[in-house]
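Residue strings, one per chain:
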Amino acid sequence: MRVGLFVTCLVDLMRPRIGFAALELLEAAGCEVVVPGGQTCCGQPGWNSGDRPAARALAEKVIAEFEPFDYVVAPSGSCAGMIKVHYRELFAGEGAWLTRAEALAAKTYELTDFLVNVARLQQVPGRFAGTVTYHDSCAGLRELGVKQPPRALLAKLPGIELREMKDAEVCCGFGGTFSIKFGDISAAMAQAKCERIQASGAGAVVLGDLGCMLNIEGRLRRAGDETTRVLHVAEVLTAGK
Amino acid sequence: MQVASLHFRERAAGALANERLQANLRRFGSGFADKRAAARRAFGEEAFEQLRDAAAEIRDRALGDLDAWLLRFEAEASRRGTTVLWAQDADEVCRLVLEVCRRHGLAKAIKSKSMLSEEAGLNDALGAAGVNVVETDLGEYILQLAGEPPSHIIAPAIHKDQDEVSALFVKHHGRPATDDIARMTREAREVLRPHFLSADLGISGGNFLVAETGSVAIVTNEGNGRMVTTLPRVHIAITGIEKVIPTLEDLSALNRLLPRSATGQDIENYFSILTGPRAPGDADGPEHMFVILVDNGRSGLVGGALKEMLRCIRCGACMNHCPVYQTVGGHSYGWVYPGPMGSVLTPAYQGIENALDLPQAATLCGACHVACPVKIPLPDLLRTLREMQTDRGLRPWGERAAFRAWAFAARRPWLYAWATRIAARLLHWMGGRRGRIARLPLAGRGWTLGRDFPAPEGRTFRDLYRVGRKRRA
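Heads up: the protein sequence lines correspond to chains G and B, in order.
Under numbering that gives the first Met the number 0, residues 0 to 240 are what the first sequence spells out, in order.
Under numbering that gives the first Met the number 0, residues 0 to 472 are what the second sequence spells out, in order.
What the hints contain is simulated information worked out from the structure, not anything from laboratory work.
Misleading hints may appear alongside valid ones.
To be verified - Okay, the calculated bits of chain G under chain B, using three or more residues with CB under 8 Å as the criterion: (1) 10-21; (2) 214-227.
Claimed, not checked - Some chain G residues close to chain B (C-beta under 7 Å, calculated; not the full set): (3) V6; (4) P35; (5) G37; (6) D50; (7) F127; (8) T130; (9) C137; (10) F177; (11) F181; (12) I184.
All residues carry an ideal CB built from backbone N, CA and C; glycine is no exception.
Turn these sequences into a full structure, and let the hints steer you where they fit.
Quick look at the structure:
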């Protein structure tokens with residue numbers, strides 16, 4: 000099957016290694032992966048900020064770029080949620096575009112969800128030893144229902160131990176532009192999340208979204224925690240390669 | 000009540016700096032949310048979800064023919080001896096209550112919890128007219144002593160700790176201090192009892208209005224609601240027009256959800272269905288019963304972009320599950336209703352321009368939507384309000400310009416690739432050896448107030464991928 004990898008704008012800019020990890024996992028699952036070169040952003044910042052025309056223009060671009068593939072996969076619950084859930088709302092009441100948006104939504108997946116439930120990846124390529132805790136990102140969990148897939152994949156690593164933290168499903172305080180507009184509230188929420196992570200006793204927090212990742216890592220380091228690692232699930236599943 | 004929602008930012012900053020409040024908020028924590036989760040499990044998760052669907056449907060059915068059900072309620076209530084009054088806005092609520100006071104010669108009121116009376120500023124209006132008002136819900140009573148508004152719709156004094164309450168009691172009751180909660184509640188009961196017995200007016204809210212019987216349903220946990228509605232000569236129930244539901248059957252369905260969603264209880268300690276004043280042969284009840292049906296902005300939501308908000312049954316689950324509410328507390332929101340529901344209701348009822356921060360002060364995490372018993376899509380409504388702000392030109396110039404520039408570049412891959420290539424290198428350089436930035440300029444300043452900004456790796460995925468492919472080829 001031909002998979003279009005939607006790298007996401009944050010991975011492209013901030014953490015290319017996660018994009019390559021996602022690519023490696025998809026190939027390990029036997030997919031033919033294509034990375035459309037003109038891709039930029041799914042439009043979520045515009046959508047969440049009340050700028051419908053901007054969101055719409057980018058949604059049209061994403062649809063046109065990715066509709067040729069059998070599947071579209073993103074290493075982010077947030078961006079996949081935008082395409083899978085909100086494109087429909089963006090084109091509500093419009094015949095042709097709505098049809099195309101719905102067709103794309105139906106074949107768009109968050110990375111771990113795709114690996115477990117579509118590609119049925121049996122063996123993960125990485126080697127990782129240590130204790131981790133998993134932070135459920137909001138959009139992945141509540142828009143897409145992704146709860147078990149990342150845990151199922153992590154469990155395939157022989158050396159890993161998952162220690163669930165309390166309130167794993169509570170928001171870390173990122174919220175896109177919220178983290179800038181209300182930096183003090185956002186940082187206080189991140190602090191609460193960091194305390195849960197530290198209380199779990201895990202050496203690393205693993206998650207599936209760049210926003211949460213930057214937020215949690217930024218707060219841990221500012222608060223003086225230099226040791227707790229913050230890792231994207233794709234990095235862990237391909238670690239040591 | 001005055002709207003202070005434009006000052007959300009400052010109020011939230013104050014709340015964050017208030018160590019005592021922060022400790023109280025942490026103590027509150029996920030208590031109600033955990034209890035709701037346990038109640039949901041005990042009920043059966045699948046059955047609970049079916050009940051949520053049914054409840055949303057009941058509320059939509061009622062709201063779809065709101066005028067018809069209200070008229071039916073009025074007819075049935077009138078037939079059973081209740082006087083139904085209609086109030087367009089907050090001022091009219093106060094005017095109508097004062098008129099009843101004058102006509103019946105009422106000088107002393109006891110109140111059961113009513114958020115609508117907070118909307119109307121009723122206590123102040125009554126006080127100014129010389130009518131003595133005593134709040135009888137323990138939380139509301141504490142706040143009346145403190146001179147503060149509620150910070151939570153079902154646990155109004157949740158922001159206060161035991162020591163603060165004890166100090167208030169010593170000051171106002173003139174009795175020795177105690178740290179025994181049972182003794183404190185007994186003390187409140189002893190102080191309130193004479194008020195219950197001497198008041199000639201009882202004022203309550205109403206959780207539901209049942210159209211087919213003209214009844215007002217009220218739920219409480221302290222029993223004060225029952226005394227307020229039956230002991231005084233006159234009872235006035237004040238409630239929003241959206242609270243009407245067609246049948247007792249509907250009431251039964253909704254009240255299986257309300258306490259479970261609110262406090263995790265199977266049923267409230269007291270559940271009253273009030274249908275008319277004392278009838279000949281009745282053992283108790285008021286001589287006169289009034290219901291004031293209040294609009295105060297509600298009819299403006301019917302059939303509109305925020306219509307689902309009218310389903311709300313005021314359980315508080317959205318704020319109990321809101322990480323922002325739990326971080327800044329209810330008073331930060333600046334009007335009667337805090338948390339996610341308040342962030343929709345405040346701009347909807349008080350004007351979008353008077354509560355610009357509230358729809359923005361959310362991460363859209365969706366925890367409220369998942370917890371809401373009537374499935375109000377709160378994150379969608381907050382997003383809709385953001386869109387309304389943009390459409391009405393209410394967003395700051397700099398923000399609009401930044402989004403324009405971003406959207407312009409993101410539609411042009413060559414420009415976007417060039418801009419991100421520069422940004423990745425610049426930010427990487429700024430991150431230095433430790434790979435993180437302690438202070439970002441411009442809009443990024445908000446981020447680095449309480450966090451470092453992890454620096455990018457230095458090259459974009461797009462560039463690395465292209466180079467890698469060339470090498471492979």
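Now the hints, each set against the structure:
1. 10-21: holds (count 9)
2. 214-227: It holds: at least three residues are needed, and the stretch 214-227 of chain G offers 6 whose Cβ sits within less than 8 Å of chain B.
3. V6: holds (5 Å)
4. P35: violated (9 Å)
5. G37: Constraint on G37 (chain G) satisfied, holds at 4 Å.
6. D50: Given a least distance of 5 Å, the restraint on D50 (chain G) holds.
7. F127: violated (20 Å)
8. T130: violated (22 Å)
9. C137: holds (4 Å)
10. F177: holds (5 Å)
11. F181: holds (6 Å)
12. I184: Hint on I184 (chain G): holds, closest Cβ of chain B at ~6 Å, below 7 Å.
The structure fails hints 4, 7, 8 (numbered hints given earlier, in ascending order).
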